[in-house]
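Asker: Each chain is listed here by its residues.
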Amino acid sequence: MTIGLSTLSAQQLQIGVSYYPEHVSREIWPADFQKMKDAGIKRIRIGEFAWSSMEPEQGDFQWNWLDEAIDLAAEYGIQVVLCTPTAAPPVWLSDQHPETLPVNEIGYRNPYGCRQHRCYNTPAYQKHSDLIVTGLARRYGDHPNVVAWQLDNEFGGEQKFCYCDYCKEEFQEFLRSKYGSIEELNRRWINTFWSEEYQRFDQIKTPGRYQATLWLKNHPSLELEFSRFSSHSIVDFANSQVSIIRQYAPEQPITTNRSTFAWGDNLEWYPIVENLDVAGFDLYSDKPYELAFYADFNRSLKQGRSWLMEFSVHSKDLYRDLGMMQARGVDWLFFFTFNPFPAGQEQGMKSLLTITGEATGNYHTLGKWTREQPEVTPLDEPEIGLVYDFESSWVYYIQTWGDYTDRLIYSDYLLHRVYKKLYRPDVAIRIQSPRQSMDGLKVILLPKQILYNTDLETNLEEFIHQGGTAIITNDFFWKNRDNVYLTELPGFYTRVLGVEDNNFIHTEEGAPLVLREQVYGKGKVVMVNRNADDKGWSEIIDKYVY
Amino acid sequence: MTIGLSTLSAQQLQIGVSYYPEHVSREIWPADFQKMKDAGIKRIRIGEFAWSSMEPEQGDFQWNWLDEAIDLAAEYGIQVVLCTPTAAPPVWLSDQHPETLPVNEIGYRNPYGCRQHRCYNTPAYQKHSDLIVTGLARRYGDHPNVVAWQLDNEFGGEQKFCYCDYCKEEFQEFLRSKYGSIEELNRRWINTFWSEEYQRFDQIKTPGRYQATLWLKNHPSLELEFSRFSSHSIVDFANSQVSIIRQYAPEQPITTNRSTFAWGDNLEWYPIVENLDVAGFDLYSDKPYELAFYADFNRSLKQGRSWLMEFSVHSKDLYRDLGMMQARGVDWLFFFTFNPFPAGQEQGMKSLLTITGEATGNYHTLGKWTREQPEVTPLDEPEIGLVYDFESSWVYYIQTWGDYTDRLIYSDYLLHRVYKKLYRPDVAIRIQSPRQSMDGLKVILLPKQILYNTDLETNLEEFIHQGGTAIITNDFFWKNRDNVYLTELPGFYTRVLGVEDNNFIHTEEGAPLVLREQVYGKGKVVMVNRNADDKGWSEIIDKYVY
Amino acid sequence: MTIGLSTLSAQQLQIGVSYYPEHVSREIWPADFQKMKDAGIKRIRIGEFAWSSMEPEQGDFQWNWLDEAIDLAAEYGIQVVLCTPTAAPPVWLSDQHPETLPVNEIGYRNPYGCRQHRCYNTPAYQKHSDLIVTGLARRYGDHPNVVAWQLDNEFGGEQKFCYCDYCKEEFQEFLRSKYGSIEELNRRWINTFWSEEYQRFDQIKTPGRYQATLWLKNHPSLELEFSRFSSHSIVDFANSQVSIIRQYAPEQPITTNRSTFAWGDNLEWYPIVENLDVAGFDLYSDKPYELAFYADFNRSLKQGRSWLMEFSVHSKDLYRDLGMMQARGVDWLFFFTFNPFPAGQEQGMKSLLTITGEATGNYHTLGKWTREQPEVTPLDEPEIGLVYDFESSWVYYIQTWGDYTDRLIYSDYLLHRVYKKLYRPDVAIRIQSPRQSMDGLKVILLPKQILYNTDLETNLEEFIHQGGTAIITNDFFWKNRDNVYLTELPGFYTRVLGVEDNNFIHTEEGAPLVLREQVYGKGKVVMVNRNADDKGWSEIIDKYVY
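Going line by line, the protein sequences match chains S, B and R.
For the first sequence, our numbering gives the first residue as 1, with consecutive numbering after it.
For the second sequence, our numbering gives the first residue as 1, with consecutive numbering after it.
For the third sequence, our numbering gives the first residue as 1, with consecutive numbering after it.
These are calculated hints, taken from the structure and not from any lab test.
Being a predicted model, the structure only gives us computed values, none of them experimental.
It cannot be assumed that every hint is accurate.
[As the list claims (entries may be wrong)] List of simulated lysine to aspartate or glutamate pairs, EDC-like, C-alpha gap at most 16 angstroms:
#1 S:K205 - R:D95
#2 S:K420 - S:E509
#3 B:K543 - B:E509
#4 B:K350 - R:E509
#5 R:K37 - R:D71
#6 R:K442 - R:D380
#7 R:K42 - R:E372
#8 S:K350 - B:E346
#9 R:K316 - S:E509
#10 R:K442 - R:E383
#11 B:K350 - R:D475
#12 S:K217 - R:E346
#13 R:K217 - B:E346
#14 S:K421 - S:E539
#15 B:K350 - R:D501
#16 B:K205 - S:D95
#17 B:K316 - R:D71
#18 S:K35 - S:E358
#19 S:K350 - B:D95
#20 R:K205 - B:D95
#21 S:K350 - B:E517
#22 R:K350 - S:D475
#23 S:K420 - S:D534
#24 R:K350 - S:E509
#25 S:K316 - B:E509
For reference, chain S alone in the conformation it holds in the complex (with noise of 0.2 angstroms):
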């Protein structure tokens, strides 16, 4: 399959934005488009939740507004990004196949009204899925005004877990063909405990809250298979997508948009975007270092292919802001979104326009960057490695789903402590996946990796002895990918760290910042106490980073 990377890389940053032609009648879309042009919009994200306008009753595909919006675009010098509007599944879905809508933990089936309301796994929606991205991928996969595809919508946001009954049946399919007897999964996850253990897998439910007087949880083992399987099904299903539109669509390359991991970060992003032509993703924040993070992990993710599918309206400095991402290798910035909803559970948001269609203050700054084209120097490419663990994450989750206020400690930890230390304006980080090779880079931090990888021991030991520095922290290979923890101490710990013990496991109060500096091969690790705060990661990337 060949992609027109003309198509995707830029020179400059190019702008577009989300647009929804849906939502107006077709009498506006001149004026709309003149206002994009005016401001050099070249792109539009449009067919994001639009299903019931693609498919108003079932099988009675409607492309004709479709069709128009994007030739009226091309009329104006705009390109057509086109979405595919699997987050927002009209009424007759649920209506004649309630078993789509999801069941919460408690058994709750949620109801028809929002968005995301769909089981990953009920045959009904992969079904009726696969009708409407085959419908458009046929219609416009040749289409010259459609230049790229992206794929649903913010995956793994709102909806991150089901527990239903189809669920359950692939859940347990899942586990019996990874674990192949119940002796074995037994015996991993030491199911003794508690009398846990299972006869059949076919006794194994997703994991239902208990919820007595007092806070009972399930069993991490449990619970962590569950977030691998949920991930799974996600990735299943975007690939499924990706199958579909490359058959119609050879040419025109495909992404999703990522959400902020306060958002979520349920998902394993990696298999997802090694699948795409492009990374994308969405960004809702005005603090530097937090851009720069997540403009580093999309660029680490598809090095020349970065897109910004949502980027807020709100930036104080919008102009920098957009010198930044350039600088940081997006190529394309979406802003979100052009004029706000009147109606809807969005309405009121402040856009590119107000409500009342004037321009704001950010719409002229756009059309400032787009006249001028400043020139930015991109960033040098990364010496600088901080691996990004789904898993890792997960476990932390687990460790605390009771209470969601901790719940993203993971990612909180390794970029609101981690990373903005890290961060400077002129330093680009490589954020990478613990399987990614560490080639090129001088150090690499690995911040509450917690779980066990046999690839990334035998990386670092190499990165290492060839003379690179690691930075750990002190939960550092703790446990296994079964989530139970290492009864026996793993071999980086013996050979390159030169510890006999485990007392690290429970760091002792008043335990100093460095637990342990150690010379290997040419180079070294260090091992930092895990409850290092701001200040504690401030000395450490000042002493053993820059």
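Chain S is already provided as a structure; the job is to place chains B and R on it using the hints.
Answerer: Only chains B and R this time, still in chain S's reference frame:
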């Protein structure tokens, strides 16, 4: 229908009290009535919640105890306000008709055993409510010692919304008759947003809660219509009780006891009170400005027919508070309650007597008041008006329904921010509906009047033109009554405010307190920053009101 | 029945530990036992939660592993306290009998997969519990290395209340046999309040929660009876295990491990312990006064037979704490636990060994203690008493059940406010039931003794008359045991306190610390303001106790 006005209005504030003869044996009544008489108490409210004493088995009406209580009260010179007991259906009703128990927003049918356990739209509840009210009205409609009626108790209090199937069907019918066609509803709500278009009215559900990991809200137009529908259901229920009582008791005035807005303003009170003879309210507060607010509101509803149906015994300066109530037009004031409940959900609540029957300090103060009958000058007719719009309150409630701590922002704002600063001991304020005439006023305040209303626009324009001062906040008229933002400026903005765009919607941080002050005709309009704090409102009121 | 007392009481505090042989392979046992022996550990608690290892399939009892563990322990000089595993039923039970899973207060049936997932009133649970206990007792009732039994684990912990249909029927029967007629129940609860009169016992439900927009509580008399019923259900269940064990193991003492009251005092412990040979408790705290409180309480329950069944390994001065436990009458102290759980809900918890098997600091401290066997003088017999009334605690719990943060006000008040100030390192306090004799005491404190009790009234009056000092708070004897306020002053008020009215119920703000101090006979009674804070209790105790 002729109301015996002589029973309504008193020169001097008169005192009554709640009493529950059915809680104690008859031997105790004489001593209680004697203690009331000694304190100068002239009326009792009885019957509230006494359904199971009136109809212990379905259809077995027991009036003897009530006959005796009413007759015995007469012997002590104590008149009776008789309450319909419909806020506390007996166990046999939910036993035979579990469908009368309300269903909450996640489909949970509430159990029997508290109060307010009734869905206003269930035929069985309506039928048995009609039967008990008919029974009461027929027996006591011409009783010489029954001087007035109270409907139910605190309509719209704890049990505000029901999501059962009866409500669903009624709600669909409500929408069908209002919108005519589903296309019209889709168009007005802009249901293309998130593919929320309906095909038929029977697909529209009561807005149950979506409970995902992250919070998803319902469509704001759906929520507003459901709030309106829920309010209408209560209004209809109240009116059906009024019709029955009027049939048998044409000479006896009817009221009900409205709760304060901290407890809920989910019910549109204007149409309820319009159909009553007396405006009644409950009040548990010791803040002078709060006492004044509710007394003013009640008098504005029914000039000269204002009763305080429940007043707490906690006042630290009862003599002063009674004078204040009289000055603000309260004719009758009923304490809650005479003696503490030993048992039940309200057990131990402070009352006029102690739990062992001794007089409290306020029992003595009350006696002093009734003996001295102090002269109190009524306050002058108000020249300052404040608009209280229940629907605007709902709009704000809906915006925040995920967060109950912010739930009552509208009533809090109007009472605790604006009225608090308007309050002067010797000034009465007229608190009125957005549809009411502004005749007689010099200044009118419309804080947080977010909903557009043609009548209000016309009246207000005329009021200002003739010399009035109007004080609005910058969320004025943002939305139409479908809870959809206006995308064209209403005429009031262009004609009166002289404004051409709608950039007011997003007030920037640091925006000034007064956003616009505009002369129009002989009067003027002042647009205040809606984020104005206590100090800001103090300035506004000092400058523009007094 | 003769209990081998020699196994109960130790001159010197002896040390045991929790152990879970079923979690690891048998090859590991010898090394573990050796490490225990090295530290001077003489007993292990085993079997707790091991039901699925004992009976992996229904009726298929597997004793071999347990035989071997017990026999191997003997080889190392380690005795066994055998626990019934009934707090963790295997999956086959809920699989075949879903009705054994508890139902919560909104009718949600909790899922399998944690612990405590059992309704005490379900026949299937009772039957299989009896079978496993019978199996255990028959096999090990005369085993020379099994020296004692522990029932279940922390009765009334996470799973306090069940609202299933079995419970409903048992609860109705409980009420029927207590009240005799529904008229009597209605009369005593004053169910005319809010029309809550029942027609038949079968209409009374377990007090499920009413979930309206605003909070509605259940009838307090219903809630108290349900608390009492729930406690009785657990007491009955415990006693049925005692009967079975006594039949097969007449020589082996029986205990159970009570959790601290921060975890719940929803269970009336006096009748449970009365039927046991040894009082046992669990304790996770490092506050000296809290250690003292629970040790005192336990000793007061069974003088000379006081075991600490679970003690955390977190102590920062373990040597001191062991001495303190010995001085306060603890004979055996079992640590929790020997080695950390790698998996399951309690994974990673700090233990005597690290996760990789190394000795921790407290392992060494413990060894020092067992080697040195330091002399510790037992504290003198208490002359100060504190009454702990579980039912008064429930009354306070019911008053606040809407707000879990206030839930444990009674136990918090008694421990963290009163006992904290009573605490002296060298003084033991007798903590006793309101029914127990006050012989031997000089002072008795009865804070928050809200429930009236004839025996207590008589005993207390006699105690004071004979020269004792009683310290009460002003909520003393406010309510009868139906959770209804007394409307006549109890004799204690008139005779002993010399009080004629009950204005104490509503203590005014600013009321003094001591509301009344009254000499009676040779002694006196002091009524303290129930809102007394830490400082207030400090003054009271300095003035009247020491």
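Asker: Now tell me if each hint is right for this structure.
Answerer: Cross-check of the supplied hints:
For the hint linking K205 of chain S to D95 of chain R, the alpha-carbon distance of about 11 angstroms falls within 16 angstroms, and the restraint holds. Taking the CA atoms of K420 of chain S and E509 of chain S, the gap is about 25 angstroms. The hint is violated against a cut of 16 angstroms. In summary, the hint linking K543 of chain B to E509 of chain B is not supported, as the alpha carbons are separated by about 23 angstroms, beyond the 16 angstroms threshold. In summary, the hint linking K350 of chain B to E509 of chain R is supported, as the alpha carbons are separated by about 14 angstroms, within the 16 angstroms threshold.
Taking the CA atoms of K37 of chain R and D71 of chain R, the gap is about 15 angstroms. The hint holds against a cut of 16 angstroms. Proximity of K442 of chain R to D380 of chain R is assessed by CA-CA distance (about 14 angstroms); at most 16 angstroms being required, the pair is judged to hold. Distance check on the hinted pair: K42 of chain R and E372 of chain R sit about 15 angstroms apart at the alpha-carbon level, within 16 angstroms; holds. As the CA atoms of K350 of chain S and E346 of chain B are separated by approximately 48 angstroms, the hinted pair breaks the 16 angstroms bound.
In summary, the hint linking K316 of chain R to E509 of chain S is supported, as the alpha carbons are separated by about 11 angstroms, within the 16 angstroms threshold. Between K442 of chain R and E383 of chain R, the direct Cα distance comes to roughly 5 angstroms. Compliance with the 16 angstroms bound is thereby established for this hinted pair. Proximity of K350 of chain B to D475 of chain R is assessed by CA-CA distance (about 15 angstroms); at most 16 angstroms being required, the pair is judged to hold. Proposed proximity of K217 of chain S and E346 of chain R is supported: the alpha carbons are some 9 angstroms apart, at most 16 angstroms.
Between K217 of chain R and E346 of chain B, the direct Cα distance comes to roughly 9 angstroms. Compliance with the 16 angstroms bound is thereby established for this hinted pair. Taking the CA atoms of K421 of chain S and E539 of chain S, the gap is near 9 angstroms; set against the 16 angstroms cutoff, the hint holds. Proposed proximity of K350 of chain B and D501 of chain R is supported: the alpha carbons are some 15 angstroms apart, at most 16 angstroms. Between K205 of chain B and D95 of chain S, the direct Cα distance comes to roughly 11 angstroms. Compliance with the 16 angstroms bound is thereby established for this hinted pair.
The suggested pairing of K316 of chain B with D71 of chain R is violated, with an alpha-carbon distance near 75 angstroms, which exceeds 16 angstroms. Annotation: proposed proximity of K35 of chain S to E358 of chain S holds, straight-line Cα distance about 10 angstroms (limit 16 angstroms). Taking the CA atoms of K350 of chain S and D95 of chain B, the gap is about 52 angstroms. The hint is violated against a cut of 16 angstroms. With a C-alpha separation of about 11 angstroms, the suggested pairing of K205 of chain R with D95 of chain B holds against the 16 angstroms cut-off.
Of the pairs offered as hints, the one joining K350 of chain S and E517 of chain B is violated, with about 25 angstroms between alpha carbons and a cut-off of 16 angstroms exceeded. Of the supplied pair hints, the one linking K350 of chain R and D475 of chain S holds, its CA atoms being roughly 15 angstroms apart against a limit of 16 angstroms. With a C-alpha separation of about 9 angstroms, the suggested pairing of K420 of chain S with D534 of chain S holds against the 16 angstroms cut-off. At roughly 14 angstroms between alpha-carbon atoms, K350 of chain R and E509 of chain S fall within 16 angstroms of each other, so this suggested pair holds.
Straight-line distance between C-alpha atoms of K316 of chain S and E509 of chain B comes to about 11 angstroms, which keeps the hinted pair within the 16 angstroms bound.
Of the numbered hints listed earlier, those contradicted by the structure are 2, 3, 8, 17, 19, 21.
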